[in-house]
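Chain A is fixed; fit chains B, C and D onto it per the hints.
There are 4 protein chains.
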Amino acid sequence: MNPTTVGVIGCGYWGPNLLRNFVELPDVEVVAIADLDEGRRAAMTRRYPWLVATPHYQDFFGLPIQAAVIATPPPTHYALAKDCLEHGLHVLVEKPITLNVRDAEHLNELAERQGLVLMVGHTFEYNPAVRLIKEIIASGDLGDVYYIDTVRVNLGLFQDHLNVLWDLAPHDVSILRYVLGCSPRQVSACGAACIFPDVVDLAYLYLEFPNRVIAHVHVSWLDPCKVRRITVVGSKKMLVYDDVEPVEKVRIYDKGIEKPSYTHSYADFQLSYRNGDVLIPHLKLTEPLRIECQHFVESIVNGTTPLSSGRDGLEVVRTLEMADSSLRSNGNRLLIHEQETAGGFAVSAA
Amino acid sequence: MNPTTVGVIGCGYWGPNLLRNFVELPDVEVVAIADLDEGRRAAMTRRYPWLVATPHYQDFFGLPIQAAVIATPPPTHYALAKDCLEHGLHVLVEKPITLNVRDAEHLNELAERQGLVLMVGHTFEYNPAVRLIKEIIASGDLGDVYYIDTVRVNLGLFQDHLNVLWDLAPHDVSILRYVLGCSPRQVSACGAACIFPDVVDLAYLYLEFPNRVIAHVHVSWLDPCKVRRITVVGSKKMLVYDDVEPVEKVRIYDKGIEKPSYTHSYADFQLSYRNGDVLIPHLKLTEPLRIECQHFVESIVNGTTPLSSGRDGLEVVRTLEMADSSLRSNGNRLLIHEQETAGGFAVSAA
Amino acid sequence: MNPTTVGVIGCGYWGPNLLRNFVELPDVEVVAIADLDEGRRAAMTRRYPWLVATPHYQDFFGLPIQAAVIATPPPTHYALAKDCLEHGLHVLVEKPITLNVRDAEHLNELAERQGLVLMVGHTFEYNPAVRLIKEIIASGDLGDVYYIDTVRVNLGLFQDHLNVLWDLAPHDVSILRYVLGCSPRQVSACGAACIFPDVVDLAYLYLEFPNRVIAHVHVSWLDPCKVRRITVVGSKKMLVYDDVEPVEKVRIYDKGIEKPSYTHSYADFQLSYRNGDVLIPHLKLTEPLRIECQHFVESIVNGTTPLSSGRDGLEVVRTLEMADSSLRSNGNRLLIHEQETAGGFAVSAA
Amino acid sequence: MNPTTVGVIGCGYWGPNLLRNFVELPDVEVVAIADLDEGRRAAMTRRYPWLVATPHYQDFFGLPIQAAVIATPPPTHYALAKDCLEHGLHVLVEKPITLNVRDAEHLNELAERQGLVLMVGHTFEYNPAVRLIKEIIASGDLGDVYYIDTVRVNLGLFQDHLNVLWDLAPHDVSILRYVLGCSPRQVSACGAACIFPDVVDLAYLYLEFPNRVIAHVHVSWLDPCKVRRITVVGSKKMLVYDDVEPVEKVRIYDKGIEKPSYTHSYADFQLSYRNGDVLIPHLKLTEPLRIECQHFVESIVNGTTPLSSGRDGLEVVRTLEMADSSLRSNGNRLLIHEQETAGGFAVSAA
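Chains as they are written, first to last, in numbering that gives the first Met the number 0: chain A, 0 to 349; chain B, 0 to 349; chain C, 0 to 349; chain D, 0 to 349.
With the rest of the complex left out, here is chain A (with noise of 0.2 angstroms):
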């Protein structure tokens, strides 16, 4: 079987670690990298000589590429992907796949019509601490979700033209609508704009999503420690994904408290708690990159749709555009309407 060929856009942040995982996997041959600035280009020819390096993407085109990686700027996401897409080219675009929810429905329309795979990097989703939680949830133990707590902070890089909103929260958003199976309802937003007046660097997100469950993302570009932290309250148990941990990244607490059988005005007297054991289960910490780059060229492959579609991309987008707009006008509760065909939303006070 010849290997698939792949070509990828940006080698700033976050390139370099997926150009590696796609040059150390098998059956994937990588074959050029774009990049505007120069110095870039050549630290990336130093370690792999046999690269094609370019300022200009569109070289791909000329090029025996079957698939483009963009790694570049959220602002750049959208003409990138369509140019790659309209040039026949598969697609993974890093996370959130565009800045509004009209751009990711061209998207995919565009990959639709055409038989490509676009896939968002939601990384976390590749994640096996996350993959882990999401089993225990589905397994019941946890009993019913009450709510879902992040936090997500530390001194962040700020970007040009993107509020923290849009550069952290995607990894919750994508996480909650993962781990839980559904989409959020409603959401409101607050924060603040701490550095420059127009750009949001510590925002607060309220979502409430279908059966009543509650979750909460803290993000913040401004906080001396880093937190990456998730608190699942269930009714019979709780759980806590702590990514900064090195090893012991995922403790379920045999904790909760037991409601009596039924309600009635005495609540608290008639309530008792349960303080049971820690469990802490192992993990094998397999890099979630590796597994998410190797998912995409299964699904170019096998020609099956990703995990982390294009259309999972666009639920992210519509979520945080709409806590955008809350954030933009005092905090106001906002619907979710979530659209399975394809055009358009609505905005409405909830």
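I should point out that these hints are in silico values taken from the structure, not numbers from a laboratory.
Nothing here was measured: the structure is a model prediction, and the numbers come from that model.
Don't take every hint at face value.
No copy labels: a pair is met if it fits in one copy or bridges any two.
Claimed, not checked - Using 25 angstroms as the maximum straight-line C-alpha spacing, the simulated SDA-like pairs for lysine to any residue come out as follows:
1) 235 / 196
2) 225 / 281
3) 225 / 242
4) 235 / 195
5) 225 / 275
6) 283 / 298
7) 235 / 153
8) 235 / 256
9) 236 / 192
Frame of chain A; chains B, C and D shown alone:
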């Protein structure tokens, strides 16, 4: 000089701590305790056999008692404090001082009319860590405060007819007011009632203080981990107060983002990050409650207004009342009209 | 039934804790305290005004007191315990029971002759975490115990004429004997006297127990961090007890190295590593000292030998005495001749 | 200037890291690799397709290679380094340089005779944290160093015919020599062979340095937790280096015990404890191995003696050899006769 004579009402969860501290203070004589529960009274008189123990706090009025310390469930605070003040006793009442602004206003008027000390047990204002934070902010070391994020969660004690907002958030609102030296102007709140339909056990508050300072408060009775964490982010430095740490409670991070001298569109290219030392200042770990109890006695003896006065208690209640309103109205952002003169307040959409 | 009557000698560092626990025990009456320091006596009678307080413990002999609790500096243990036993009092004495084997032998003989309870305050034998460890080892869950490593260090209280070995290591030696169910056969020790030429403030002990079980004890008064950590390494699983952790004190690691069924020279190629789950069992956190005090009273009432008997205290002293010998002789390894019959012991090079 | 040409022998565990660093260094050309395993060679040439890959390191001698980097199992170090030196190649060899003093002496003589660079991969001497510790000690900030305690344990890689002493302790001995600027004078060691009868997998070393400085080293392949911790206790301040911490690796404690100006018998009453601030200095986290590789190249180009020279490697081996002797003789304390001139050493009971 004669000792100040004290009686303690309520010997359940927190009362024994107050009792112990007043017993061990010099120049104080604890005369009596009141608790409806016979077992609790017996446990206290076993430790302090000289105490008059009664189920009826009204018995205090016939004893040589100058000051009442009230550590009963919050819904009883108003009636008990009112009765004690009307009988000429100075009052130290646990937080929250009352469950609505009107009652808090009334207690303050009563105390002021009679020249009695009315103090609320905002313990954290007597905590060496919190006092250090206030000093550091005031010194300008952190630069301008951008925002304060607080988390106060664990598997908590549900209380009858009282949501988590009124149970835990008084600590955070009183700390925020104390360290910033002002009251919030706007508030919104969201949350969930996971265990009982009518008892909110998870809440998030968004607060705006003067000078564009933002605060966010996360309180929960349903978290598997005990977290007591306050992050203060300033333009020059950042600070974290972790109250769960046994010794190293406050950390000052010489970290930040240096803004360029003028703001233009290529924001990101001009920013520089500062990652400097971390300083953990030594704290003398005096029991905050001891300092609080002593302060109450001194306020009585010297006829001075205590730090956490009834008026402060009122302002905390004002914020909580508005937060509760927001919680019940889809998280709408509400203005908080603080009024220095007595009598009323107003709610309006922000 | 009449309550057991108790007097406490020494109200300095640890005595008040013993006093509080005995005061709060049912069926116990604390009658008197003895302390040379007037301030300490006053502090105690302020809390417990009914107590007879005296500088002369001999006054106990004229009071209706059945049992003496001795919490004075170790050099006084022997004389005080001897006098109390001779006057017919049951004795609970803090660790170490004495500072040499001969004295410990003598106290045991005295107690046995008179049918009095002689107990030593090896608190950790009443600690739920240590008891759990003993159970886990006994259950075989860890497999064969290979070795136990203990660390007990912090910036500590120097004591007059007493080295760190006698101050801190009694805890570890008593824990090791308790969880392994046997006494060490050999010991060597090294260390340093950093602050005062004649006071060892840092020490390392190497102990060999029966069945080739090794233990190593690190004690120091000069460490910047408080560490209280015991690691038990078994052939099947491993366990860590971290007493500084407020709640999650014991962790069981399903980790290990699988030996091949037969041993040959290509050892490494045959080994497999097991990295499994970590379990943190829930511990009911009862105060160990409460359990210890209760056990003392029960031993008196029932006429039974306590768990941490005078004989156990003697065996701990035997080990410490040999360790001290080793420390003074260049760390030579010494045999510990435990002799069930009374009278003497022998030192010899291992 | 022509680049320095390098060949790497051994591409197993550590070799690929050396290879990556030399590949990325400017003014260096990696020409070839040697490894007996075909799979490893293939993995490396997949990444760096221009490399000559051979199972026979002797092939290097026919290639334009100036320097050999040896990352093979320790028992092969001597023969490989000898052969490379004899063929006129500069040598960087992984630690320990050899498995006995005689061999290390011989390598040094060989290199010196031919004017070749002989360097040993004591990586920690190029670690910014260790360098900071050396600076802090040298500055006098800690006062006189009383003792250094090191722990380097985890579930480790057993190696064929090599005990844990030779595998892990070279790090600690080289760090100790580097930060103290001198060699130990005496050593004793104890330990256990838990898994295989003849392979010590747990060891404790006690070392005496000049000026009464004590060090203790704990190494183990059988600990459930990864610990990499060095504590330096000085007369003025104390320092902890925790290499498992991702960022905050070094903490300086302004803690200590103030001795009275003259020493008398009432030691304890005169001592005062100082519990001051903790400072976590910012560390620029450059990869130590990069600095090490660069230093090797510079030593070749400039004809200078490297920091971790063959002589330093020899001294570390001298200490380990004596420690191993002690381990096999009941932990006897042994003198280490360091001899600046070549040729032999002597063992004698301390």
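These are the hints, each one checked on the structure:
1. 235 / 196: For residue 235 and residue 196, only the inter-copy Cα distance (17 angstroms) is at most 25 angstroms; the intra-copy one is 44 angstroms.
2. 225 / 281: both (23 angstroms within a copy, 15 angstroms between copies)
3. 225 / 242: both (10 angstroms within a copy, 18 angstroms between copies)
4. 235 / 195: between (44 angstroms within a copy, 15 angstroms between copies)
5. 225 / 275: Classified as between: cross-chain Cα gap 15 angstroms, same-chain 29 angstroms, threshold 25 angstroms.
6. 283 / 298: within (23 angstroms within a copy, 42 angstroms between copies)
7. 235 / 153: between (32 angstroms within a copy, 16 angstroms between copies)
8. 235 / 256: Result: close within a single copy only, 8 angstroms intra versus 35 angstroms inter.
9. 236 / 192: between (37 angstroms within a copy, 17 angstroms between copies)
In summary, the structure agrees with every hint in the numbered list given earlier.
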